[in-house]
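Undergrad: Residue numbers (this note's numbering), protein chains in the order written: chain G, 1 to 212; chain S, 1 to 317.
Mixed in with the good hints, there may be bad ones.
Partial list, derived from the structure: chain S residues whose beta carbon lies under 7 Å from chain G [unchecked claim]:
1. N98
2. E206
3. I209
DSS-like cross-link-like pairs, simulated, lysine-lysine; straight-line CA separation at most 27 Å [said to hold, decoys possible]:
4. K4(G) / K169(G)
5. K121(G) / K165(S)
6. K77(S) / K269(S)
7. K169(G) / K187(S)
8. K148(G) / K138(G)
9. K212(S) / K17(G)
10. K46(G) / K275(S)
11. K275(S) / K315(S)
12. K141(G) / K4(G)
13. K77(S) / K51(G)
Calculated directly from the structure, the hints in this document are not laboratory data. Beta carbons are placed, not taken as given, at the ideal position from N, Cα and C, and that holds for glycine.
For reference, the chains in residue letters:
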Amino acid sequence: MATKSDVLDFIRIYADKMAEHRQELTDYDQAIGDGDHGINMSRGFKAVIEKLPAVYEKNIDEILKTVGMILVSTVGGASGPLYGSAFMKAGAAVKGKGELSNEDIILAFDEAVGGIQFRGKAVEGEKTILDSMIPAIKAIKASIADGKSMAEALVDGEKAAWDGVEYTKTIIATKGRASYLGERSIGHQDPGATSMAYVFQAAKEVAEKVGC
Amino acid sequence: MLEGIVLAHPEYVARLEGFDVLIRADKKINKVALVSGGGSGHEPAHGGFVGTGMLDAAVAGSVFTSPTPDQVLEAIKAVDTGQGVLLVIKNYTGDIMNFEMAAELAEAEGIEVATVVTNDDVAVEDSLYTTGRRGVAGTVFVHKIAGARAETGASLDEVKAIAQKVIANVRTMGVALKPCTVPAVGKPGFELSEDEMELGIGIHGEPGIERKPLQTADEIVDYLMKRILNDIEFQVGDEVAAMINGAGATPPMELYILNRRVSQILAGKGIRVFKTFVGNYMTSIDMAGASITLLKLDDELKELLLAQADTVGFKMC
């Protein structure tokens, strides 16, 4: 379960992570892309934090939708539409909710994946954001099905996300600018998969704190 | 930067208030409108091509980063006259997503929007396993020719069709001798030693086909032209427009030296150069390098290429 204040905490923690890992993400992107992922993500989430107080009183769906719209209009590049679509779809999935059940959280994650796939026209195994996101959600679903709590499931989810990041080092990029490198993209981890792994890390940290 | 462009050329372009968008300074004309744009750092592209016979609006993103959908949407709304708007997009994942989102938003507001995607860079293999070829300097010919067609009062479908004809017939390849630096990053996007060059470089410094020791200008042109000529069928007597485009830190002197060899090679193959363009059209900030673009022409394309264009970065009178 997650309350509105958990969702707001998650957004704040993730924004801090994007500021903290700005250079790291940019370095990964310089190796195989155009070298702006960390810059763009930290700019986008800085704008999110500035504008967040305006939606404190709204429902969770409105908050997520607003985050998505701010990202779309401030991040640019490919990550703006991708992360923006993810947050907007997640918001639409939990319409009118003041708090989220575990089923709601999983539905929101699923819809977020759908949003990214629609916008990016990618599937798993193409060295993208999806390669950490899809395994993480699978792991969360499996853990919940095993009767674990959401906090425990998010620990498993984060681990699966980082395993996914490791996996991106072994595959050839076929989407995005990294695809121009062909086989030369092997050995490098995908910056988008990395920034997505921090999503699950942030969610885990929120769950740890509230002990849900 | 946009402020500086408007202050320098108020007779050509105006800023769309509150947005990173340049529009034509003259009154809206009742015709299909052309909107293009992309990351900054490619000047004069794209704002420099706003004007008579080319673009109606150009949207500028951060350096090497696609503009966002809300900015593109405002550009579309500013120039639409009810005849529809053609978006000319260079084939990069970010540009395509942001422009497509803008197109969806504009359509939801009742504006007719069509899109074309330029992909003239022969250095990238076009296959199911890549994002596809990059849109580079050949995009300027799409602006020129589709823009000329729009000025004749053609419909959105007709303007889109001619843009696609240009895309089907234009090929480019580039070389870099020194990398470029995105200011916010503060260090070069890739390493290249003094005596090396990257063949097949992209306009954001993306890697090309191979890295080799420096060669003479003629040898470099031989390499690039071989790739371009292998990619599109030419017959004796065909006519082309050639563009020798500077990457930002290459002096005109060197571009003319490259052009000398381009002309020699084409003459040797019996291909007639109908029109040559030498200069900075699609740059990569401070990169030292150049690209060669060939556009295969027919009578229709020739007529539209020669039609009047009056913009900061491209003139035809």
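Undergrad: Against chain G, is I209(S) within 7 Å by beta-carbon distance?
TA: violated (10 Å)
Undergrad: Does K212(S) pair with K17(G) here, judged by a C-alpha cut-off of 27 Å?
TA: violated (40 Å)
Undergrad: If you draw a straight line from the CA of K77(S) to the CA of K269(S), is it 27 Å or shorter?
TA: Between K77(S) and K269(S) the Cα gap is close to 47 Å, so the pair fails against 27 Å, i.e. violated.
Undergrad: Measure nothing beyond the straight line between the CA atoms of K46(G) and K275(S); if it is 27 Å or shorter, mark the hint as holding.
TA: Not satisfied, since the Cα-Cα distance of roughly 49 Å exceeds 27 Å.
Undergrad: Quick check on N98(S) please, does its C-beta sit within 7 Å of some C-beta on chain G?
TA: Holds, about 6 Å.
Undergrad: Between K169(G) and K187(S), does the CA-CA distance stay at or below 27 Å?
TA: holds (24 Å)
Undergrad: Between K121(G) and K165(S), does the CA-CA distance stay at or below 27 Å?
TA: holds (26 Å)
Undergrad: Verify the proposed pairing of K148(G) with K138(G), using a straight-line Cα cut of 27 Å.
TA: holds (14 Å)
Undergrad: Straight-line Cα separation of K4(G) and K169(G) no greater than 27 Å?
TA: The hint is violated at about 36 Å.
Undergrad: Going straight from one Cα to the other, do K77(S) and K51(G) come out at no more than 27 Å?
TA: holds (26 Å)
Undergrad: Does the CB of E206(S) sit less than 7 Å away from some CB of chain G?
TA: This hint holds: E206(S) lies near chain G, its Cβ roughly 5 Å from the closest one there, short of 7 Å.
Undergrad: Between K141(G) and K4(G), does the CA-CA distance stay at or below 27 Å?
TA: At roughly 22 Å apart (the allowed maximum being 27 Å), K4(G) and K141(G) satisfy the hint.
Checked against the numbered hints above, the structure violates hints 3, 4, 6, 9, 10; every other hint is satisfied.
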